[in-house]
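Those protein sequences? They're chains A and B, same order as listed.
Residue numbers for the first sequence follow this note's numbering, so the first one is 1 and each next one is one higher.
Residue numbers for the second sequence follow this note's numbering, so the first one is 1 and each next one is one higher.
Incorrect hints may have been included.
Since copy identity is lost for identical chains, a pair holds within one copy or between any two.
To be verified - Listed below are the simulated BS3-like cross-link pairs for lysine-lysine, each with C-alpha atoms no more than 27 angstroms apart in a straight line: (1) Lys338 / Lys358; (2) Lys162 / Lys267; (3) Lys250 / Lys267; (4) Lys28 / Lys63; (5) Lys52 / Lys236; (6) Lys120 / Lys141; (7) Lys395 / Lys28; (8) Lys46 / Lys63; (9) Lys185 / Lys33; (10) Lys194 / Lys250.
Because the hints were derived from the structure by calculation, they are not lab data.
Protein chains: 2
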Amino acid sequence: MVKKVLKFGGTSVGTIERIQHVANIIKKEHSEKNKVIAVVSAMSGKTNELLKLSNEIAEDFNKRELDVLLSSGEQVTCALLSGALTRLNIKSKSFMNWQIPILTEGDHSNARIINIHVEKINDYLNNNGVAIVPGFQGISKNGDITTIGRGGSDATAVAIAKIFNAECCEIYTDVDGVFSTDPNKIPVAKKIDKISYDEMLELSSLGAKVMQSSAVQTAMMYDIPLEVKSTFTERKGTKIFSQENIDYTKSVTGVAYSKDDAKITVKEVEDKPGVAANMFEPLSKAQVNVDMVIQNISSDQKTTDITFTVKRDDISKTKQILKESTSINYKEIISNEKVAKVSIVGAGMVSTPGVTYKMFRGLSDENINILAISTSEIKLSVIIDEENTLKAVKKLHTIFDLD
Amino acid sequence: MVKKVLKFGGTSVGTIERIQHVANIIKKEHSEKNKVIAVVSAMSGKTNELLKLSNEIAEDFNKRELDVLLSSGEQVTCALLSGALTRLNIKSKSFMNWQIPILTEGDHSNARIINIHVEKINDYLNNNGVAIVPGFQGISKNGDITTIGRGGSDATAVAIAKIFNAECCEIYTDVDGVFSTDPNKIPVAKKIDKISYDEMLELSSLGAKVMQSSAVQTAMMYDIPLEVKSTFTERKGTKIFSQENIDYTKSVTGVAYSKDDAKITVKEVEDKPGVAANMFEPLSKAQVNVDMVIQNISSDQKTTDITFTVKRDDISKTKQILKESTSINYKEIISNEKVAKVSIVGAGMVSTPGVTYKMFRGLSDENINILAISTSEIKLSVIIDEENTLKAVKKLHTIFDLD
Chain A
1 MVKKVLKFGG TSVGTIERIQ HVANIIKKEH SEKNKVIAVV SAMSGKTNEL LKLSNEIAED
61 FNKRELDVLL SSGEQVTCAL LSGALTRLNI KSKSFMNWQI PILTEGDHSN ARIINIHVEK
121 INDYLNNNGV AIVPGFQGIS KNGDITTIGR GGSDATAVAI AKIFNAECCE IYTDVDGVFS
181 TDPNKIPVAK KIDKISYDEM LELSSLGAKV MQSSAVQTAM MYDIPLEVKS TFTERKGTKI
241 FSQENIDYTK SVTGVAYSKD DAKITVKEVE DKPGVAANMF EPLSKAQVNV DMVIQNISSD
301 QKTTDITFTV KRDDISKTKQ ILKESTSINY KEIISNEKVA KVSIVGAGMV STPGVTYKMF
361 RGLSDENINI LAISTSEIKL SVIIDEENTL KAVKKLHTIF DLD
Chain B
1 MVKKVLKFGG TSVGTIERIQ HVANIIKKEH SEKNKVIAVV SAMSGKTNEL LKLSNEIAED
61 FNKRELDVLL SSGEQVTCAL LSGALTRLNI KSKSFMNWQI PILTEGDHSN ARIINIHVEK
121 INDYLNNNGV AIVPGFQGIS KNGDITTIGR GGSDATAVAI AKIFNAECCE IYTDVDGVFS
181 TDPNKIPVAK KIDKISYDEM LELSSLGAKV MQSSAVQTAM MYDIPLEVKS TFTERKGTKI
241 FSQENIDYTK SVTGVAYSKD DAKITVKEVE DKPGVAANMF EPLSKAQVNV DMVIQNISSD
301 QKTTDITFTV KRDDISKTKQ ILKESTSINY KEIISNEKVA KVSIVGAGMV STPGVTYKMF
361 RGLSDENINI LAISTSEIKL SVIIDEENTL KAVKKLHTIF DLD
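Given only the sequences and the hints, what does the whole structure look like? Please build it.
Set out below in structure tokens:
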């Protein structure tokens with residue numbers, strides 16, 4: 001008898017037929033004597049539909065009430081799934097955020113789960129019932145409904161797996177698992193059987209939208225084995241666990257890309273100590289996340305050009321802050337939103353010499369200009385012109401033997 | 001400063017524009033320094049949409065989960081209305097069934113409100129906030145979500161008015177008030193300015209679907225003044241209060257009709273004492289509500305025909321029970337679903353002689369045959385062929401000076 005958390009995303013519960021299919025998956029687990037806690041998202045499209053209603057009233061809709069509004073989506077799925085299980089003669093019950101309760105702290109729409117009471121659900125599991133829990137939500141200390149950000153159902157599932165000491169946490173979704181790159185764009189992409197938390201983290205934060213990063217982080221912190229698998233096929237998914245349990249035969253595990261970065265160049269900044277600090281301090285205070293930074297000495301040797309990347313959403317805020325800053329002098333600010341970040345990720349990179357060279361050579365062979373570079377132990381990212389994205393991803397996928 | 005409960009039905013909050021309009025009505029009350037508790041229904045169509053989803057899974061959908069499912073509808077309206085008030089700079093907050101809490105007892109989908117905690121909402125009202133409360137729902141002693149039956153938002157509003165000692169309870173709806181008969185079918189129908197609880201009760205239980213009967217009953221029991229009025233016009237509505245506060249100038253206040261009755265005749269029942277008791281006892285046990293009863297002596301004088309009316313929904317159940325009953329002998333059972341109940345209602349009837357004669361004469365003048373009759377102090381109902389319904393209603397409306 002194994003305690004399992006099964007999480008079903010929006011597309012997995014997007015229609016009544018799919019909810020009935022999910023009920024059958026749970027029935028199978030239940031018939032194998034597993035104790036099942038199912039965490040569910042809102043039916044696909046539902047959260048956007050509710051958001052649209054709130055936007056028709058106000059773009060800056062009351063934050064507390066937005067959480068009341070959005071949390072109703074998962075409530076609907078919970079009830080329907082529990083009803084579908086009843087129909088299959090499986091004992092089951094929905095547990096709302098306040099019934100459990102799932103305690104959170106932090107701002108509305110961006111809260112964090114800090115505790116989940118286990119008594120009621122454990123009693124129910126011990127009495128052979130299946131517990132259905134809404135993802136993405138909780139309550140605050142004051143008893144207000146909170147939500148934990150888009151994709152937050154993954155975080156709920158991992159938090160529940162941790163607090164209930166579940167043996168594993170299975171993330172059911174609409175793809176077969178984690179791929180070596182985006183299978184929709186690059187047909188030779190391959191499903192990865194095993195991947196480490198670190199690699200998964202780099203991939204999920206880099207645009208491979210299979211799992212929410214903070215959920216992977218929590219799983220890593222508490223060493224909770226994850227499996228990402230398809231709701232719609234019987235195929236094996238991708239297992240995610242600690243690096244030490246994986247034998248690396250390849251230096252690179254996957255190639256990710258994202259198109260939500262923008263590049264900003266501040267031209268002819270006075271070249272003296274502290275100038276970068278002066279430039280980035282107000283950005284940091286304004287919660288603008290600066291990713292890569294490059295500093296060039298300009299021709300006159302008295303000034304320098306500083307280039308950096310930020311999220312596209314932050315670009316006008318960034319420019320505004322730089323313009324208002326009195327502590328730096330510069331000639332002009334140039335921005336480019338037509339850039340993409342392409343990254344190779346692999347825990348095997350650190351032990352394989354020449355990966356960096358091989359990447360740069362490969363891009364150069366395709367006449368792709370590198371605009372910025374950043375590295376970590378298991379990742380190497382470059383900024384390139386957006387139009388070259390797929391060409392770059394394909395090339396890297398091939399030269400690192402992932403096809 | 002007056003404490004008011006304002007209840008907004010499904011059509012009143014059926015679109016974002018209408019929710020914004022409702023927010024303006026509340027803003028006006030708030031600006032007049034009234035303390036406002038708004039009770040809201042689900043957006044029109046929403047409850048049926050959710051019911052349809054549950055029906056696709058199972059017609060006998062898990063009762064506990066059905067309440068979880070349906071209660072989400074009012075949650076959505078609460079959040080949207082509170083957000084709309086924020087947009088108008090009115091301080092407001094939604095209070096969910098479990099946050100207040102609204103305590104209920106009884107079966108799922110048919111619970112009764114037994115208590116509502118007042119502290120949180122009173123504090124909020126005293127701090128100049130508008131409290132938004134979901135109608136139709138509560139929680140059980142065990143902390144499960146319950147609902148209190150279709151139309152239950154009226155009951156919530158009246159219960160809140162009672163427990164919070166509100167000065168009045170205004171029921172906002174999509175009609176101008178209570179009419180002397182159905183204004184959609186009988187254009188000469190007139191809005192009634194004042195009506196007693198008793199009359200309203202007879203009208204609402206007889207098919208004038210303006211307010212839920214049990215809510216009117218509660219208001220009568222605790223003498224809570226009600227006003228039914230339109231969300232969409234500025235016209236005065238219908239005030240509902242105790243009979244002693246009304247001067248009756250007319251014997252009849254309104255003419256109601258309904259088409260959900262059916263007539264059953266049991267032919268040639270052995271005519272001996274106790275036969276009616278034997279016939280109706282098993283029906284009563286099976287919760288079949290028998291309305292009017294007529295007993296005729298048949299030609300042979302040893303047997304009798306018993307005719308009675310039940311709700312159409314109960315007709316097959318009723319026949320089944322009679323067939324299975326071993327304590328009565330009869331020749332055959334004839335049923336007729338093509339009947340209608342037409343009623344005149346008026347607290348002034350009791351003091352006006354000849355009302356009964358006038359009604360029968362009027363129907364006879366139109367060649368309408370009376371199939372059954374029942375009376376109370378303030379009501380006189382007849383069963384007639386369904387096809388004559390409107391003709392009868394029009395005639396009665398005219399002869400009792402209501403046009």
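Should Lys194 paired with Lys250 be assigned to within, between, both, or neither, using CA atoms and 27 angstroms as the limit?
-> Close inside one copy (12 angstroms), not across copies (85 angstroms); limit 27 angstroms.
Within, between, both or neither: Lys120, Lys141 at alpha-carbon 27 angstroms = So Lys120 and Lys141 pass the 27 angstroms test inside a copy (19 angstroms) and across (15 angstroms) alike.
Up to 27 angstroms between alpha-carbons, please classify Lys185 paired with Lys33: within, between, both or neither.
-> For Lys185 and Lys33, the Cα distance exceeds 27 angstroms both inside one copy (40 angstroms) and across copies (61 angstroms).
At most 27 angstroms between C-alpha atoms: does Lys28 with Lys63 qualify within a copy, between copies, both, or neither?
-> between (40 angstroms within a copy, 24 angstroms between copies)
At 27 angstroms max between alpha carbons, let me know whether Lys338 reaches Lys358 within a copy, between copies, both or neither.
-> This pair counts as within: shortest intra-copy Cα distance 25 angstroms, inter-copy 86 angstroms.
Is the C-alpha distance from Lys46 to Lys63 at most 27 angstroms within one copy, between copies, in both cases, or in neither?
-> both (18 angstroms within a copy, 23 angstroms between copies)
Should Lys52 paired with Lys236 be assigned to within, between, both, or neither, using CA atoms and 27 angstroms as the limit?
-> So Lys52 and Lys236 fail the 27 angstroms test inside a copy (37 angstroms) and across (35 angstroms) alike.
Pop the pair Lys162 and Lys267 into one bin, within, between, both or neither, using alpha-carbon distances up to 27 angstroms.
-> For Lys162 and Lys267, the Cα distance exceeds 27 angstroms both inside one copy (49 angstroms) and across copies (71 angstroms).
Can you tell me if Lys250 and Lys267 fall within 27 angstroms by alpha carbon in one copy, between copies, both or neither?
-> Intra 41 angstroms, inter 90 angstroms, cutoff 27 angstroms: neither.
If the cutoff is 27 angstroms on CA atoms, where do Lys395 and Lys28 land: within, between, both or neither? Let me know, please.
-> neither (42 angstroms within a copy, 66 angstroms between copies)
Violated hints, listed in ascending order, are 2, 3, 5, 7, 9; each of the other numbered hints is respected by the structure.
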